[in-house]
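Protein chains: 2
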Amino acid sequence: MAARKIRTIEEMGEFGLIDHLTSGFSTLQESTKLGVGDDAAVIDHGAYYQVITTDLLLEGIHFDLVYTPLKHLGYKAVVVNLSDIYAMNGAPRQVTISVGISDKFSVEALEELYEGVRLACERYRVDMVGGDTSASVTGLIISVTAIGTLRKEELTLRSGAKLHNLICVSGDLGAAFMGLKILEREKQLHAADPGFQPELKGYDYVLERFLKPEPRVDILLALKESGIIPKAMIDVSDGLSSDLLHICKASRCGCQIYDDRIPIADETRKVAGEFQMEPLVPALHGGEDYELIFTVPLSDFDRVSAIPGVHVVGNITEEKAGARLVTGEGRAIPLQAQGWNAFTRQG
Amino acid sequence: MAARKIRTIEEMGEFGLIDHLTSGFSTLQESTKLGVGDDAAVIDHGAYYQVITTDLLLEGIHFDLVYTPLKHLGYKAVVVNLSDIYAMNGAPRQVTISVGISDKFSVEALEELYEGVRLACERYRVDMVGGDTSASVTGLIISVTAIGTLRKEELTLRSGAKLHNLICVSGDLGAAFMGLKILEREKQLHAADPGFQPELKGYDYVLERFLKPEPRVDILLALKESGIIPKAMIDVSDGLSSDLLHICKASRCGCQIYDDRIPIADETRKVAGEFQMEPLVPALHGGEDYELIFTVPLSDFDRVSAIPGVHVVGNITEEKAGARLVTGEGRAIPLQAQGWNAFTRQG
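Order-wise, the sequence lines are chains X and C.
Everything in the first sequence is counted per our numbering, starting at 18 for the first residue and increasing by one.
Everything in the second sequence is counted per our numbering, starting at 18 for the first residue and increasing by one.
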């Protein structure tokens, strides 16, 4: 073999790396409808599809136990996986949860974690059917796999966006990131002065959005009641910008979104102000909001606009037009993926 | 709430801990046939069952990169999960693989790991359909979930053993543990004298059993050809003793096995001798052999004995008789779980 330049993982980025590592795999099983490359894999069971997704949550990368209550962490670990199932337009049914724990953990601490898992399972009516428990020489490790089902005609992939589709976003964006910023600020103040008492009052909204996100099953139900099947869908884990680019890449299209239509809560704007941050930045790049981004045909404009909590933020364009953010002054700026990146550990 | 004594995880042990943490969960989904407590969970798809299992492999706990080639590690990570699917009498179909990696990893190293995953998928005809890749602040983390299917009448649980059933073991036991001992010995010699060259020649069999185990799909095929459906089955991950006790507990029965019938390879005996170790010890307690332990009715004795590589090692007794090892001298010793325990990190 010819000598190759050793590439670093940072150079490739998470998505480049996954693409690269999985390129040599082919599928052999008839039942495999879709493998790597969407929010979940799709398995064909004849009368219906099953969707499967998995996530790894690591202490020091995805969460900080200094300010994350274990019950919230267990809840969130399940919920972020259910969000991927919903983003396929599926109904979650089962989860497995594996946990790696260091010696410092007490049984009581683990009970807290599993209580959060149990609450999430109960709320979203999914069964915890298995997992693995192991010692860890270092930090806490959580691996969750979620399984759901859906009627075949309801499957919504990232790749289904069509030219002139409307781009819709549920809820509001950027709040989870500002919640994280508050927690990080108070942690630093506490580290500098151990007598300092963290002040979290008044930040309830953004803190809850970060610590206890809820997947938007209510939006999926509203869409169903309105008779709308989205053409393409993804949940916001990395940020609107990064996740919308996933839709564009998979659907081979461009997009344009309008900065003044991107939904941002007043609380988020206020906290962004405290950090001298333009609110659009966490809304575009913050991630972990677990809202839904989806596209619908132009003809669904009236019906989709009538759903509370759904915002039309732009439209799908031709691939060659690229992905663009149009500002109030009419300038078009290229949309770039600057989402939360576990490999560079940007905020 | 009344004050409770804080219990440590070591006190409870892995299986006690899992029982304890999962006791508060109930199942709501009709399709959930079986949750926690066997080699895999069982999901009912009407015409057939689907089985799902997941395993967490952690650097410093389950593997040591000093002597584990990454390609072997990727292969083994898949294979140990497939072994759980086979132990339900299922045919594996899909796997997902999540990996957490530290900065020190090069893309080339990850390619090696995924090449092992790919080889295992190809050999056992399963599709890699998803996963997650993340940075890790410390060691390498691998989480694999495997999915299989089977005809309903073929489902083989740990709980199906019946009084007077024959207890059968495939292949031979204890080899993987002796392979690990060799690798640990050479590592220590190398640490004491960096100029020392590890000497692994002549140990191929036990090393291969540890580094590149193969699940016994061949035994399942032979059983099918003989028209035998096992009553209860488990794969040997923790050791014959510990895993047979799982069958006894789930089936509410006792067992007696005969020390002179436990299959041990000559190579294993030889290496055990080098360590002044009774070969029966790794055979009973070594683990990671990924052989099958299963029970069949007495009436299947002739047919099951005729299958190459299947050994009848004892029989199922009443629960009150307990689990016993009968020695050549006719003494009966209680069987105890002393398998590999990730919480106490016994070798």
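Keep in mind that the hints were calculated from the coordinates and are not lab data.
A quick note: this is a predicted structure, and the numbers were derived from the prediction, not measured.
Among these hints, one or two may not hold up.
To be verified - Distance condition first, Cα-Cα at most 25 Å in a straight line; then the derived DSS-like pairs of lysine-lysine:
| id | chain 1 | residue 1 | chain 2 | residue 2 |
| --- | --- | --- | --- | --- |
| 1 | X | K287 | X | K204 |
| 2 | C | K169 | C | K241 |
| 3 | X | K50 | C | K266 |
| 4 | X | K169 | C | K287 |
| 5 | X | K218 | X | K287 |
| 6 | C | K169 | C | K229 |
Against the structure, the hints:
no., hint, result
1, K287(X) / K204(X), "holds (20 Å)"
2, K169(C) / K241(C), "holds (14 Å)"
3, K50(X) / K266(C), "violated (39 Å)"
4, K169(X) / K287(C), "violated (58 Å)"
5, K218(X) / K287(X), "holds (14 Å)"
6, K169(C) / K229(C), "violated (31 Å)"
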